[in-house]
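Chemist: Next come the chains, spelled out residue by residue.
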Amino acid sequence: MKKKSLFLFIIVFLLALITPLTHVNAASDNSLQQVKDKGTLVVGTSADYPPYEFTVKKNGKTKYVGLDISLAQKFAKDIGVKLKVKNMNFDSLLVALETHKVDMVIAGMNPTPERQKSVSFSNIYYTGDQYMLINKKDAAQFRKIKDFKGKTIGAQTGSLQYSLVKDQMKGNDVKGLAKLNDLVIALQSQKVNAVAMEEATAKAFASNNHTLKVINPGFDIDESQTGSAIGFSKGADSLVNAANKTIAMVKKDDLINKEYIPTAAKNMTSNSKTNSMANYWTYFVKGIEYTLIITVVSVFFGFMLGTLFAIMRLSRNRLAHALAVAYIEFVRGTPLMVQVMFVYFGIGAIIQSLPALIAGIIAVSLNSAAYVAEVIRSGIESIPAGQTEASRSLGMSQRETYRYIIIPQALKNIWPALGNEFVTLIKESSIVSIIGVTDLMYQMQLVQSATYKGVIPIFIAMVLYFIMTFGLSKVLGYFEGKMKHA
Amino acid sequence: MPNLIEVQNLGKSFGDNEVLKNISEEVTKGQVICVIGPSGSGKSTFLRCLNVLEDPTTGKVLFEGSNLTGISENELNNLREKMGMVFQSFNLFPNMNVIENIKLAPLRVKKMSDAAATQQAKELLEKVGLADKAEQYPQSLSGGQQQRVAIARALAMNPEVMLFDEPTSALDPEMVGEVLKVMQDLAESGMTMVVVTHEMGFAKKVADEIWFMAEGTIQEKGTPEKFFTAPKTERAQDFLSKILS
Ligand SMILES: Nc1ncnc2c1ncn2[C@@H]1O[C@H](COP(=O)(O)OP(=O)(O)OP(=O)(O)O)[C@@H](O)[C@H]1O
Ligand SMILES: [Mg+2]
Numbered sequence: 001m002k003k004k005s006l007f008l009f010i011i012v013f014l015l016a017l018i019t020p021l022t023h024v025n026a027a028s029d030n031s032l033q034q035v036k037d038k039g040t041l042v043v044g045t046s047a048d049y050p051p052y053e054f055t056v057k058k059n060g061k062t063k064y065v066g067l068d069i070s071l072a073q074k075f076a077k078d079i080g081v082k083l084k085v086k087n088m089n090f091d092s093l094l095v096a097l098e099t100h101k102v103d104m105v106i107a108g109m110n111p112t113p114e115r116q117k118s119v120s121f122s123n124i125y126y127t128g129d130q131y132m133l134i135n136k137k138d139a140a141q142f143r144k145i146k147d148f149k150g151k152t153i154g155a156q157t158g159s160l161q162y163s164l165v166k167d168q169m170k171g172n173d174v175k176g177l178a179k180l181n182d183l184v185i186a187l188q189s190q191k192v193n194a195v196a197m198e199e200a201t202a203k204a205f206a207s208n209n210h211t212l213k214v215i216n217p218g219f220d221i222d223e224s225q226t227g228s229a230i231g232f233s234k235g236a237d238s239l240v241n242a243a244n245k246t247i248a249m250v251k252k253d254d255l256i257n258k259e260y261i262p263t264a265a266k267n268m269t270s271n272s273k274t275n276s277m278a279n280y281w282t283y284f285v286k287g288i289e290y291t292l293i294i295t296v297v298s299v300f301f302g303f304m305l306g307t308l309f310a311i312m313r314l315s316r317n318r319l320a321h322a323l324a325v326a327y328i329e330f331v332r333g334t335p336l337m338v339q340v341m342f343v344y345f346g347i348g349a350i351i352q353s354l355p356a357l358i359a360g361i362i363a364v365s366l367n368s369a370a371y372v373a374e375v376i377r378s379g380i381e382s383i384p385a386g387q388t389e390a391s392r393s394l395g396m397s398q399r400e401t402y403r404y405i406i407i408p409q410a411l412k413n414i415w416p417a418l419g420n421e422f423v424t425l426i427k428e429s430s431i432v433s434i435i436g437v438t439d440l441m442y443q444m445q446l447v448q449s450a451t452y453k454g455v456i457p458i459f460i461a462m463v464l465y466f467i468m469t470f471g472l473s474k475v476l477g478y479f480e481g482k483m484k485h486a
Numbered sequence: 001m002p003n004l005i006e007v008q009n010l011g012k013s014f015g016d017n018e019v020l021k022n023i024s025e026e027v028t029k030g031q032v033i034c035v036i037g038p039s040g041s042g043k044s045t046f047l048r049c050l051n052v053l054e055d056p057t058t059g060k061v062l063f064e065g066s067n068l069t070g071i072s073e074n075e076l077n078n079l080r081e082k083m084g085m086v087f088q089s090f091n092l093f094p095n096m097n098v099i100e101n102i103k104l105a106p107l108r109v110k111k112m113s114d115a116a117a118t119q120q121a122k123e124l125l126e127k128v129g130l131a132d133k134a135e136q137y138p139q140s141l142s143g144g145q146q147q148r149v150a151i152a153r154a155l156a157m158n159p160e161v162m163l164f165d166e167p168t169s170a171l172d173p174e175m176v177g178e179v180l181k182v183m184q185d186l187a188e189s190g191m192t193m194v195v196v197t198h199e200m201g202f203a204k205k206v207a208d209e210i211w212f213m214a215e216g217t218i219q220e221k222g223t224p225e226k227f228f229t230a231p232k233t234e235r236a237q238d239f240l241s242k243i244l245s
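Respectively, the protein sequence lines represent chains A and B.
1 is the number of the first residue of the first sequence in the UniProt record's numbering; add one for each residue after it.
1 is the number of the first residue of the second sequence in the UniProt record's numbering; add one for each residue after it.
Please note that the accuracy of each hint is not assured.
Claimed, not checked - Mimicking DSBU-like on lysine-lysine, the simulated pairs with C-alpha atoms at most 30 Å apart in a straight line are:
| # | chain 1 | residue 1 | chain 2 | residue 2 |
| --- | --- | --- | --- | --- |
| 1 | A | 144 | A | 213 |
| 2 | A | 117 | A | 84 |
| 3 | A | 149 | A | 137 |
| 4 | A | 266 | A | 137 |
| 5 | A | 84 | A | 266 |
| 6 | A | 412 | A | 482 |
| 7 | B | 111 | A | 412 |
| 8 | B | 122 | A | 412 |
| 9 | A | 482 | B | 133 |
| 10 | B | 205 | B | 181 |
| 11 | A | 412 | B | 110 |
| 12 | A | 179 | A | 57 |
| 13 | A | 170 | A | 146 |
| 14 | A | 179 | A | 166 |
| 15 | A | 412 | B | 133 |
FYI, nobody ran anything at the bench for these hints, they're computed from the structure.
Generate coordinates for the entire structure from the input sequences, incorporating the hints supplied.
Modeler: Structure below.
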């Protein structure tokens, strides 16, 4: 039973390898109808960008708020569906759109010509200036672009600000990070001298942190590129038109300035009042829960699959052997991070409703299987040939020999190495946070966004990871001791 | 007497190394054969070809009329259970205790009931004089005890023939006797046996026929009396003079 579903995983994985990733909507556009049929509008965003989108804690629950979210709510209401927010890295948003993980993307995103090649944008709903966030003590030194000569500037990877710095500050190093929170930490610890940011966001950070200050350095801005628009997958014209209708109404009543931004500001201040870590312990608990779920499930499947690959690799069947070797070498030769993204976006292109958690578990399991396979292989090879000969001479088949003689003995030998793999997975699984699985790493980032505190949440997460790995090592050591007496 | 095992033009090479050369022999039911010969002459390889633990390069091995090299893996497994094998290094399963070692194949291959398998295992342990060791693990037994368990384990499949590959040469001298005693009892009970051994006393006493092997062929064979008193070939004379001096 279990083996079968594992085979399915592999087949899906291999299919994903040969299937082109881009999913073209050949049929004429019925995107609006599809959303209406589903009854939910799935919106991708990157919720660390106040006041556009960020998280608050209400009654122990994470809520997505901000002017973008308000606008998305209005749009969902206008077309008569429910809103569902999916939070992910800014970098991943466009891929999520292309692979139909989300129906639209709203993230203070500027409709640059490059992006327009792969995305259909609505009309612009809001335009803000491009600012710099700096340390207050440098305020006298930095006023305009030319004052930054030779300094390092931070910007969010894939953002308009990143291109602006690249193009207009050619003498400067640009440090690109995926998360604004991390950029702000870098600024506070002098790793960068300034962070290029959109006006409203920069002001939000400055108002929540008294050592920071905003300046308008005077970027040369093409007006058409600074506004924010909603992104839809290419050719989803009916959705774009519907969105434009909502935007027109919102603009007519000036809802963004009169209603959405003030609400966002209120949320921001209420956040900063409650931003002591003690208020966020439920975030960490949820993170630990998910990290453990991912690890335990992946250890289980990684072990089953790893055993299978080890046996295939040792088999005299050339095809099975070659497949196993290819798989093991390939997986061990590519980073887990790439594998996680590939499974989520690649297999996700075939199975559209594949949740991030499942994708994360599949990727981590498949990855772990390759390492476990090698551990098991070495364990099997360490069993003397005489054991196999004795078993075969009793009339037992190859299969029975493995099952009753080889594997039980091999397991005993490799138990410590398998335990290590378990511990490693607790740490490595943190990578699934990039596709939005709410593991400890991800929850830590949420706490960072919510509290505007950079380092303390990292420290807490680090301690929690250590408690988990250390505790597990102790438990495994206890069982190892017990097995020795058997 | 019907032939239990028939070897026809058997040859075995490892790469360029031709270890067995065109051997044709027969083992009839109830016969006890001792294979002797110098080290490296191919005795183990020959024995392992009989139950196809080693795949013959040329020729055939017939067991009860079936060609072991020309049948499916499944059929081979079925025939192998009728050919018990005892190894120089015992090869007990260290992850199981003594009685589990003996019961494993009857349970898994013969699908015997647990009660029946346990009953049989106890009888066999009685027979090899180890009734009190049923619950011990192999590591805690002496070499002689381990080898007797290995014999009991092979007997648990009710084999038609027992193959022994130097069953006593890994043992301390004081333990050789207890193992040979079990083998002698077995021979007297009518079991067909092919025994590779350096124990000339045992061969003289128990064997119906001695096969002398050198350089990959059976150089001569005969009753123990004839072979040990008047070996025909120079190779055999040479071998015996070295051993007995
Ligand atoms: N698996 C193998 N691969 C390559 N060569 C082998 C293998 N097994 C045996 N040989 C070679 O075959 C020859 C005969 O070996 P074999 O073990 O049959 O001799 P033997 O008569 O049993 O010797 P001994 O009395 O030392 O046990 C030796 O030269 C040995 O090196
Ligand atoms: Mg030998």
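Chemist: Next, verify each hint and record whether it holds.
Modeler: Going down the list of hints, with the structure as the test:
1. 144(A) / 213(A): holds (14 Å)
2. 117(A) / 84(A): holds (26 Å)
3. 149(A) / 137(A): holds (18 Å)
4. 266(A) / 137(A): holds (28 Å)
5. 84(A) / 266(A): holds (22 Å)
6. 412(A) / 482(A): holds (11 Å)
7. 111(B) / 412(A): Distance ~27 Å between residue 111(B) and residue 412(A) Cα, so the pair holds.
8. 122(B) / 412(A): holds (28 Å)
9. 482(A) / 133(B): holds (23 Å)
10. 205(B) / 181(B): holds (11 Å)
11. 412(A) / 110(B): holds (28 Å)
12. 179(A) / 57(A): holds (20 Å)
13. 170(A) / 146(A): holds (11 Å)
14. 179(A) / 166(A): holds (18 Å)
15. 412(A) / 133(B): Holds: residue 412(A) and residue 133(B) sit about 24 Å apart, inside 30 Å.
Consistency with the previously given hints is maintained throughout, with no hint failing.
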